[in-house]
Every structure is written in C-alpha cells, then in structure tokens.
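Based on the provided sequences and hints, a complete structural model is requested.
There are 2 protein chains.
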Amino acid sequence: MITGKNYIGTRQSSKSGITYKTFNPELNTENPWVFHEASSDEIEEAVQLASQAFEGYRNISGKKKSEFLNAIADEMEALGDELLETYMQESGLPRGRAEGERGRTLFQLRSFAELVAEGSWIEASIDTGIPDRKPAPKPDLRKMLIPIGPVVVFGSSNFPFAYSTAGGDTASALAAGCPVIVKSHPMHSGTGELVASAVIKAAQKTGMPDGVFSNLNSSGVEVGAKLVQHPGVKAVGFTGSIKGGRALFDLAAKREEPIPVFAEMGSVNPVVALPSALKEKSDFWAQQYAGSITLGTGQFCTSPGLIIGIKGNNLTEFTQALGEKIMAIDPSCMLHPNIHGAFNNLKEEVSGQPEVNVVAAYEKEVKANYAQQKIITVEGKTFLENSTLHKEVFGPFSVVIQCRDSKELVAIIKKLEGQLTGTILGEEAEIREHGDIVEALQNRVGRIIFNGVPTGVEVCPSMQHGGPYPASTDSRFTAVGIHSIKRWVRPFSYQDWPDALLPGELKNDNPLGISRLVNGEKTRTEL
Amino acid sequence: MITGKNYIGTRQSSKSGITYKTFNPELNTENPWVFHEASSDEIEEAVQLASQAFEGYRNISGKKKSEFLNAIADEMEALGDELLETYMQESGLPRGRAEGERGRTLFQLRSFAELVAEGSWIEASIDTGIPDRKPAPKPDLRKMLIPIGPVVVFGSSNFPFAYSTAGGDTASALAAGCPVIVKSHPMHSGTGELVASAVIKAAQKTGMPDGVFSNLNSSGVEVGAKLVQHPGVKAVGFTGSIKGGRALFDLAAKREEPIPVFAEMGSVNPVVALPSALKEKSDFWAQQYAGSITLGTGQFCTSPGLIIGIKGNNLTEFTQALGEKIMAIDPSCMLHPNIHGAFNNLKEEVSGQPEVNVVAAYEKEVKANYAQQKIITVEGKTFLENSTLHKEVFGPFSVVIQCRDSKELVAIIKKLEGQLTGTILGEEAEIREHGDIVEALQNRVGRIIFNGVPTGVEVCPSMQHGGPYPASTDSRFTAVGIHSIKRWVRPFSYQDWPDALLPGELKNDNPLGISRLVNGEKTRTEL
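These protein sequence lines map, in sequence, to chains B and Z. Counting in the working numbering, the first sequence runs from 383 upward without gaps. Counting in the working numbering, the second sequence runs from 383 upward without gaps.
The hints are simulated quantities; they were obtained by calculation from the structure and are not laboratory data. For each residue, glycine too, the CB sits at the ideal point set by N, CA and C. A portion of the hints provided could be inaccurate.
[Claimed, not checked] Simulated pairs of lysine-lysine, PhoX-like, Cα-Cα distance not exceeding 20 Å:
| # | chain 1 | residue 1 | chain 2 | residue 2 |
| --- | --- | --- | --- | --- |
| 1 | Z | K636 | B | K625 |
| 2 | Z | K904 | B | K904 |
| 3 | B | K868 | Z | K904 |
| 4 | Z | K904 | Z | K889 |
| 5 | B | K397 | B | K608 |
| 6 | B | K868 | Z | K868 |
[To be verified] Label-pair distances were calculated between CB atoms; the ranges are:
| # | chain 1 | residue 1 | chain 2 | residue 2 | range |
| --- | --- | --- | --- | --- | --- |
| 7 | Z | G589 | B | G482 | 47 to 53 Å |
| 8 | B | G485 | Z | S897 | 28 to 34 Å |
| 9 | Z | S769 | B | G485 | 50 to 56 Å |
| 10 | B | G438 | Z | N739 | 35 to 41 Å |
| 11 | Z | N739 | B | D514 | 36 to 42 Å |
| 12 | B | G482 | Z | N768 | 57 to 63 Å |
In structure tokens, the structure reads:
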C-alpha cells in the first residue's frame, strides 16, 4: 500500500505539510496518492541515521550483504502486480517494459549479491615486509577497497526500476558497504515507495542496521540540494538531465569537503553510416534505426539522435527509407506531460533552424502525451556552424547529417560533446580505410558499436556506461555492470598491522579464499 | 646545462620577457640561473602539441612506452652529479637525500615501465556474444582502460625528484598513454629543467611524438591557472598545499567540461599512543618520534603533527622524553626562505593559543633558513574547542594532546579533517579493547600504521597515499604505487567489433598474453 510518506530508515514520516501527486500520462490524469515532501528535519534525520548505520554496515561481511541484496530482489518480486501496475500508472510505459525492467533490476541486485559473496572485488593487495632490508626495513603493507560513506541516489525519470530506488546506483552502493538515501523521483514516487518498502523489509529480515536505506520524497530541487550539501553525505549518484546533474556536481564541488558525483547525463549517440552500409543494407538499417529511434518513445539515454553520412544517392535513399519506416510506427506515450512538452519545444526549436529539411514528421492527431516522431536532415556545414542542432532532443527525433566528404565527417565528430556511445555502420575493410573516423569517435565516447544500434545496454562486466563530459561527470567510472561499485569505494592500507586484527580479506590464511595480489602475483593461496 | 627556457615538446622557448631565479637556502643566496616564465602563447603551443601528440601516443604499444619510461630513468641517471648538485642548491637538502630520492624516482619510472610492458593493468574484460539469446541477442562486449588525454602536473616543493618533473604523477600519466605538461616548481626550476631535458632526450631516442612532454616555467599562479582551464587539458595532478590544490580543483570544477584533479595536499598524521606503549616503550617511541618529526626538517606530507594520548604520568614522561630527544637533534635547513617564514609564523600562531604549554623549543641561534623544532602540549578539551590547533605546521613541530579519557580521544579523532595516515602505538590486546579508536581513525585516513612512524612512504602496490579530503581531493585514488595510473584512464567498450580491428589487448587470440576477465573468469588463454 502506498502511504505517500518518507522512509527515514524503517520509520515512516510526513512532517512537512507539503504534498504532491504523480501523473498518469496514458490517462492524462493525476494519480490518487498524495506524497509528503521531506522536510529539513527529515533530511537531517535520514543523514544522521545513515551515518550511524555506516559504522556497522561498513564492516558487515560480504556474505551478509549478499543476503540483503538478494532479499531486496525477492521482496521486490513479491510486490507482484501492484508494483507493475503502479509503474505503468506513473510512467505510461507498457506492461512488457515494466516486466523487462523489473527483470533487469532483479538481475542487477543478484549480480552484486554474487560479487560481494565471492569477495575478490575488494582488490586485496599484500606486500609482505622485509625487516632486514637495507638501508631501511620494508614494512608489511596490505590494501583493500573500503566503502566511502553514505551515498545519495537520484533516480531517473525513464527507468523507474533499473536506475531509481533499488536500481544500479543503489545496488552498487549497498554492495560496496555504503548506506543509501534515495531522493525519490517526483514522477514515480509511488513506484519508489513500493520499492523502498521492499528494501526496508529486506533490511529488517536480514538484520541490517536501521538507516542503511532511506527514501525521501520531493517534487522540487530543495531536498536534493540539501542532501548533496550535507557534511554527512560522502558521494552522489545521479541519472538524468545535464542541467540537473551539473547543478548537483557544482554544489558538491563547492562544499567545504568536496565529494564525488557520478552523474550520467545527456548524449546524442552519433551513428556514422559509411557508404557501404547504405549501398548494401540501406533498407535493413533504415528499419533498424526507425525502431531504435522510437524504442521506449525515444526516451533512452542511448537513443540515436544523430546519423552522419556522406552526401550522395545512397544517403538520400537511406534517409527517405528511414522517414517512411518511422512514419509507419504508431506513436506512443511519453513519461509525463512535462517531458512531452519539452520534447515538442526542443523538436520545434531544432527543426526551426535555418537550412533544415524535414524528412518525416508525424502530424496525425495523437492522444494526449503521445510523441509525434520526426526526422530532419542538414548539411555538414550547417551542423558545424549551428550548435543548436547539437542539442539532445529527448524523444523520438533524429538528425541526419549529410557531409561533403569524410574530412567534414571527422570534423563533425571532433566537434561533438562527450557521448555515451558511438556507432559505425559499414564493412570491415571500409573501417580500416577510415581509421581517422574511428579514432575521432573513440575520443568522444565510452562505448563504440559496430553494425548495430546504440539502444539496449547489456548488463555485464564488459559494459561501459559513461563517457567524456557531459555523457557523465567522470569518464573514469561506469554506471552499469559490476565495476560500477568502484564509484563508492576507496583504497585503504594497513601497515604492519597484527594479523589477528586485520579484516578477513587481508589475513595471512586468506579465510575468505579470495583472489589477492601477493607480492605482485595473483593468487588464492594463503601466505 | 641549465638554459632557463621552457620546453615546448623538444623545442626550447623563452618569449615572455618575465624572469625569475631560484634560491639556495643553505647559502642564503640566489642561484645564478635565470628562468623565463611561460607566456600565454607558449602555454597554448604546449597544449596544442600535447593534443596532437595524444593522437599518436595513446595507441603506442606498452612495450614502446616501457622503453620510453626506462630511457627517462637512464637519461636522468646519466645527468649524474650536475643533477644532484642542482637539486641540493635549490632545496637545501643534503646529498644523501638527493641520492635516495633519485633512486626512488628511477624505481618508480622503471616500475611503470614493467607494468605497461606486461600489459595486464588495462583490466581487459571480455563477454562473448550469444546471438541466439531470447528475447534479444547478447552482443559481444570487450572493455579496457584507455588514456584520458593530456595531463598537467604540478610538482611539489619538498620532492624535487619523486613528486615533480619526472616523478610519480608524470611517470603514471606517461605510462597510461597521456602526454604530460609539467608546470615547473618555482623553487627548483633548474632541477626541473635538467630532468625535463632527460625526458625529452628519452622521448627522442625512443621515437615518441613531439609534445608527449613539455615543461613550463612559472613563479606565480597564472601559468598553472591557464593550463588547468585550457579545454585541451583533460586531467591534473598536484602535490602541495591545501590552498594551492583547492584553487586548482575549483578552477577545474568550474570549466565548461569539468576535469578530474588529483591533488595530494595537507595532513597532520595523527598518532594515537595507547597507555601500554607509553608504559613499556616510552623512551623508544620518544626517540623514534623525535626522529620522525625532524626527518627532512619536518617537510614531509606524512610528518606526525599530532600525538594523542590519555592524560597521566606515562604520557607526561613520554612528552618530556620526546622534548629532550628532539632538543638533541641538530636543526637543519628548510627548502626556501618562504617556507621557513611560513613555518615560523604558523608555529608561533599555534603555540600562541591560550592554554598551550611548551614542552621543548629550540631557541639557540641557527643559520638562516634553519628550522628551530618545537613541541607543545594541550588538553583534549582545549584542542576540541580551538580549530587553530588543528592546523598543519609544515616543519619540525608537533602537538601532544592529553585526553581526559578514551572517549575524548575518539571525539578528537572524529573531529579531525581527512588525513593521509593515522598511527597507533600499543599492544595488540589493547587495540582490541579500543576498537572504537581504530574505527574512528580508519574513517579519517588512507593508511593506518601499527607501532611505527608515518614518515617513509614505501613504493609498492599495497601502498595507499591519499585519503579523505583535504588529504587529497579524491580519496578513491592513490598518488603512490602502480595503481596511481588509474587516475589517468577511463574504461572503454567495443561492441560487436571485428576481431581484426580490435586492439591487441582484446583480440580473441590474446597476442599480448595478458590476464583478462573472460566471461567472468580470469585467464591468460586465448578465446
């Protein structure tokens, strides 16, 4: 049952008197639940409780943390239809998507459970001492990763499960040993509360300290800003817009003690269509991209917003085919009237620039909050000279750029901001010829795709989800996959520490049986 | 030969018309060489050249980078006495220290050479595709670490070799595949130029692209500020004061594209003396600490500035013994009159606080720029209430805090800012009793030492040199050891990329024979 209250650890609280509601974009009406915005007192309580919880939680064994993470997945699953229906009511996304995203979220939680149960992820490193070394003895040094402290997580509008309350940021932070305070997303606070209740139940069932998780409601920016500025908060995870992510990054950088912010933000995900791709498989790629551009109503961070080719009949034919195929796709609902409104405004702003040609624009009447897809095309020169054309239009919209030659194509890639992904369509031999294109693209992105579409982010260790700014605020980390845990940990060394007092990870007899770097060699054997 | 010019890659340049000299603190006179401050044009040229060099250097093999790094060490060694003498003339440090620090610097360079020649450090991860997976095919994903781009390095005053021109930051950045621009330290620009000449020679001999290394002179803050704000610069390494590091961090955070700054800054390195240590080994520890506090004239980032004990006869005896032993040590020269002046001012400011008792103060006349050591003592309550007493006094100075009880001791540790190190003196059984002290200390530091002194930073994989702010600007990284390379790299994924076009690190047949994570298992075998 949705109460609309905040979770301060296990306790539900509604002190502020300020309320808001979520919206059902499919029915174009408000949802029934009333959410209580977190007050300053509640923020303070949640951070205090998280700081206290950290003292215990940071030392809890990997096995216990694993039980907790698996229990979150189980409790989330146990919410069954109520959870799926709330998700659909607050996002306008269809049931199949809700089920798929829930599956992904459970998989993420269970992957982290497996990672911390095994234990080698803490990168244990041991250099044994040499007491009689000259001129000075060599001390015994042992290093491992330890949690950084309480983490604040800002969920995204477009992934109410996988990048929100118990999504990737929360799962990785809890796995690392950091308590989490979620700033609930105002568009799906009901979904958020249900998931939060699952996390709280799991924490209680597995004996976690109170305060290991809190969930605070907020419809504005105040609660988030206060959390990021609170001295008790030690890191921030964010998924959303450049404007939102940058604002939090700036607040965190101005603190007396600056803290790391990993914000995964905007991306237009350029696609380079080499001549061969458009000659041999023009129709195939037009079909694939019509699907990729409209997938999830274009509301993915990896949605392809730019397709770059070299001017000529093949590109013209591809562009026309793309236009025809995208017009055949039925429009679908966006997440929220605000997102729908922003889509329409930005789509018109970009389309209204000089020297823009419209390839396809769905203009038939649609239901409220449904997105009308659009494809435009511009010359390379025009794109280079007008930065408005570089803007991310969040929704089913894409720009086809017609370059004079491959030199102009490289110049365009070099001028792009940082991106999550870059894609190349073509033949192997052709890529070899265009090494400069691949090089330029590699410098601007976190992941490069050959003959595919950028949508669909596989959750696996080899996935990089992040990239040069503004794709993310720190390209040295990923938001997806087990390595995303590295955002919330710091190395810590013990020098000449008595074996009996060392954590299990670093003891001589390796009681946890983890893989360790011992005097430069990877091994699972004892010392 | 020292020319006083800047190195813009291989080219020497002196355009600004603004000059400065370095100072010999031992002789209390200026050194003869005239250094030319880098002009705006020269800064622009160096960054442009570094950006161009990056296009080639980022793809150079580990073997070739290894040759380059080893050649730097060889060329540095070949500079022989001229280099050692310049170091001594510009730092006032004795010959033994110069030789020791050179040895450490060569070791660092050669360690990184070994690391990149072997190659596994790039953390290759391969998840092979499953084309017939339902509901969607699983793509082939392969990830590795790639260099982030040109890095600007700010050397430290107190390590003219090991944390300056070709020191840890430069060696790790070059190893990562990042070109380096050094902002030469104004106190040892001659030493810096000689080392720079060694790097340039090594780059030429091993065929590195011009611009892989530049060295810019500057006596003020302008050159550094311009470098950090230049869009072509992608990361910053800094070793020095909190004021300097924070100023650069703030500039980097305010850029249109924020970039990572790893600044290793201040630390007072608290030492907790448990009752047993002072009962059984009071004299021994007094001797050890008199030595540690005055080592290198107290000019180490790990110098112990705070000793915390519980009030009583044992602590009083230890404090007296420490005072006596430190008075018996001959004063030594500081790095520069400015550092000497700052030491005297801060020492007097802290000593002049109310309720401070002087334990020992060397007051005999000393040579110019020689430091007069001092030990003061205060009650725990006084320390808690007066944050001036928390200040780092860079030089041979330490505060002994007398706590009422262990509760007050824990309260003091919790109130400290972030530190590089924390030390505990005592017996194993006693530490078990005082788990709260260890816990509190662990939360504030990057390295914890048992029955030792914090000075002496072993260069090995298990060393953590960094810590919660302000010990460093990002506690998730280290400035010392092979893992310091992680500051300058970002993960990058290839999706469904043709094997023939993948870098060697990720090809099916593992031509480099490196260790890789393949479908979750660490292995060196081919696919």
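Verification of the hints:
Restraint check: the Cα-Cα separation between K636 (chain Z) and K625 (chain B) comes to about 14 Å, which is no more than 20 Å; the hinted pair holds. For the suggested pair K904 (chain Z) and K904 (chain B), the alpha carbons sit about 10 Å apart, so the restraint of at most 20 Å is met. Distance hint between K868 (chain B) and K904 (chain Z) is fulfilled; the C-alpha atoms sit about 19 Å from each other, no more than 20 Å. Distance check on the hinted pair: K904 (chain Z) and K889 (chain Z) sit about 15 Å apart at the alpha-carbon level, within 20 Å; holds.
A distance of roughly 16 Å separates the Cα atoms of K397 (chain B) and K608 (chain B); the hinted pair therefore holds under the 20 Å criterion. With a C-alpha separation of about 11 Å, the suggested pair K868 (chain B) and K868 (chain Z) falls inside the 20 Å cut-off, and the hint holds. Separation of G589 (chain Z) from G482 (chain B) is about 52 Å and conforms to the stated range, judged on CB atoms against 47 to 53 Å. Judged by the Cβ atoms, the range 28 to 34 Å given for G485 (chain B) and S897 (chain Z) holds: they are separated by roughly 32 Å.
The hinted window of 50 to 56 Å between S769 (chain Z) and G485 (chain B) holds, with their beta carbons roughly 52 Å apart. G438 (chain B) and N739 (chain Z) have their C-beta atoms about 39 Å apart, which keeps the hinted 35 to 41 Å range intact. The given range of 36 to 42 Å is respected by N739 (chain Z) and D514 (chain B), whose C-beta atoms sit roughly 41 Å from each other. For G482 (chain B) paired with N768 (chain Z), a C-beta distance near 59 Å keeps the hint of 57 to 63 Å intact.
Checked against the numbered hints above, the structure breaks none of them.
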